[in-house]
Amino acid sequence: MKKALLKGLSVAMLIGLLIAACGGNAPAVSSGGDLTIGIAVEPETLDPGDAIYVQEQFLIMNLFDSLLATAPDGSLHAALATKWEPNAEYSEFTFNLREDVTFHDGTPFNAQAVKASFDHINSEAVLESGGKSLLVDHSYVETVVVDDYQVMVKFGASYPTFLRDAGRQWLSISSPAALEKFGQDYGRNPVGTGPFKFVQWDAQSQIVMERNLDYNWAPDFAAHQGPALVDKVIFRILPEAATRLTALETGETLIASEPPALDAISMSESGKATVQSYAQPGVPAILMINAAKAPTDNVNVRKAMILAINQVELAQTAFQSLGAPAYGVISPSTWGYSEQSASLYKYDLKESGRLLDEAGWTDADGDGAREKDGEKLSIDWPDNPAWSEAFNELLSGYLANAGFDVQYRSMDDGAAYEEMLAGNYNLTYMYWIRADPSPLRYLFHSEGINGAGSAWTNFVYADLDAALEDGDTQTDEAIRKQDYITAQNIIMENALVLPMFTINTSYLNALSVQGFTFDIEGYPFIYDISIAK
Amino acid sequence: MINYLIRRIFTSILVLFGVSMLVFSVIHLIPGDVTMAILGRQKVSLEKVAELREQLGLNDPIYVQYGRYLNKALHGDLGVSIRNYLPVSKAIADQMPSTFALAMSALAIALSIGGVLGLLAALRHGTWFDTLIMGLSVSGLSIPTFWMGLLLILLFSVKLGLFPSISNDSSFADLFLPALTLGLPEAAIVARMIRASMLDVLSKEYITTARAKGVPERMVILKHALRNALIPVVTFAGLQMAYLLGGATIVETMFARQGIGRLAVQSILNRDYPMVQGVVLVTATIYVLINTLTDITYVFLNPKIRLQ
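First to last, the sequence lines map onto chains A and B. Start counting the first sequence at 7; every next residue gets the next number (the working numbering). Start counting the second sequence at 24; every next residue gets the next number (the working numbering).
Some clues are possibly wrong.
Stated by the list, open to error - Residues from chain B shown here face chain A by an in silico Cβ test under 7 Å; the list is partial:
(1) 103
(2) 182
(3) 189
To be verified - Calculated pairs, SDA-like style, for lysine to any residue (alpha carbon to alpha carbon, straight line, at most 20 Å):
(4) B:113 <-> A:207
(5) B:182 <-> A:517
(6) B:182 <-> A:480
(7) B:182 <-> A:207
(8) A:278 <-> B:182
(9) B:182 <-> A:269
(10) A:278 <-> B:181
(11) B:113 <-> A:206
Think of the hints as simulated: they come from the structure by calculation, not from any bench. These numbers were taken from a predicted model, which means no experiment stands behind them. All C-beta atoms, glycine included, are put in the ideal place defined by N, C-alpha and C.
Turn these sequences into a full structure, and let the hints steer you where they fit.
Below, the structure written as structure tokens:
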């Protein structure tokens, strides 16, 4: 009996291994067909160097390749570069490049193209972009062409996360000929080396890409090699969520991005579509608490706020089963996540009340809101409701239960920013999608106070600054990780943020969509998608 | 008559000038900072904000900004979008054909459906058919466009699968549902107007005379009555055309169509000043132009106005 079982298991394992081997890197047969995707927001540019918004990266990653590629498990892989070597200080990086790559316009990819792309990002032509902040903030010096297929990228300071950033869409490589030819219009005429070529962009309507038949340089973690599997990708710009759902239901699109949670779940449960959801790494949806303005200048008041929030219920109400509660300042899928910092506060209304009592805030007149010295426990929250409509009322309700008097002031981003610069706020909303915890420096280092960065907590603490500074330049991964764990612990021990939920990205797919996976930052990896006939 | 024409054109120019001034001032009085809308919520420094403001000319006095804008506008340059750096005039020109196709199709639906039903209702005045048509026209007028659109999508796209729910170009299939959504309420108005106008004309003495002289009923209706009854409808059609070319925002948004109305909404949401100014100026110009043309045509059609 045992023998038979063992034999059975061995056969099963063998079959499993065979399937795994086939599924790994085997060239897949193209399914063809047009993949139409309903997207909510129209990009402003498709120039990777000039882009900043999330919705742009999703499109750019199909047209371009970067020097390196990050697998969903966070490991670095070769892309346009086959080998890479940092110097001891992590301020100079040498890349050996592939020699068999051509841009969509037929020009060859080489060291000159890397230099032209990085110099373009660093030039006056790009005012403000994700790529620009990556280069400029790390004192980009220059890119040196060593020979046709070797470059050296130099920075004025240590940049330990550059290799990881070199795999991001913002630092993708553009065709130097196209950069020169199109000039200011390059963002509407992008030319890269990616699995899809740009075809057309009809403003407010659609962006069309077609398969690059020469593509043979996919990263080795992709499910197949060679050209992409679908003939064309059509991104339909459908700002209305209801329109995106209807278009999916009628078969006019095969994928709908950002579906409303309830509809997505109901369509998936009725077997009409499948929901794909991914908790994005980085800073989850948090409210930064102003530690320089009363009453949140008191640590007990801040702690009481966090304890008053039921994150499980909040995520469930706002996003149904597609949302997950957050308890820390970075989400669990981020490198360097500190479990300890995320275990400090769990919903406890009683403890919240005790801390407020201790701080001298009591409800003497019995109206539900606590007072001290004749002042109400008021929380000022100037905000653009576009960011917080899913949760602001619920959150205000939780705080009111604990005796806070929440003054939610609805306004647009510009007005809210002015209020923040003037210090007229207790809470402000923030999130930041990034696989690495490095954005914490922008959000919590005291150098970023008063609008110089985004340190809206106004909290000055030498140990926190030191940990964040070291994290930014430390080349020893273990020490660097410890730096960020220290920073997270300090942030949460001092109750500087009110964590709410992880930022989840969701897609509703027609049943014919196959091979749908997410990249490390939560963008669908269209290259591997095929359409079942 | 020449005096009237000169006066009319002068008033139009004055209106356009007023519109441009109003739009320019109002949008600058809204609280908030456009640089923040551009830079978004990611890391921004005060230096960068200041740099961007300077670059966009937002630090100049408002009248300097306006003067600069007007001067360029008169030369056909409506500025550059501060969102995606595209020329505003090009962005508007790109969206115009789609709006034009939608407006014309909606108008054709309104005039054909409304015209036929209004005429039949007038001819069967007081019968159940008349009551039915008038009932339907009240419904057509009362149902909000977004609801009408939803019902049509549900029936024609989701249930029957006959027409697309998202509309891209100006083919018949792509235009059918948006044009119907936009045209049906207009058809309701046209039906009521033609019915009232026909009933008025049919009670006139010259119609009784025509009938007494033995003119065939078909001739009485089509040649003598309908021609006169159509005059108010022509004016209405002119005004509606101007209105529809201004952008059917809701319909364009529902069906995710390209168009000037959607461009206006997106630009307002993005606080894209030059784009908003351009769209409003172009729309107002179309409106004023068509209004002026209608008035001028009227002078030729109706001698009474000429005499006044």
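Status of the hints after comparison with the structure:
| no. | hint | in the structure |
| --- | --- | --- |
| 1 | 103 | violated (9 Å) |
| 2 | 182 | violated (10 Å) |
| 3 | 189 | holds (5 Å) |
| 4 | B:113 <-> A:207 | holds (14 Å) |
| 5 | B:182 <-> A:517 | holds (19 Å) |
| 6 | B:182 <-> A:480 | violated (61 Å) |
| 7 | B:182 <-> A:207 | violated (31 Å) |
| 8 | A:278 <-> B:182 | holds (15 Å) |
| 9 | B:182 <-> A:269 | holds (18 Å) |
| 10 | A:278 <-> B:181 | holds (13 Å) |
| 11 | B:113 <-> A:206 | holds (16 Å) |
Hint compliance for this structure: hints 1, 2, 6 and 7 are not met, and every other hint is.
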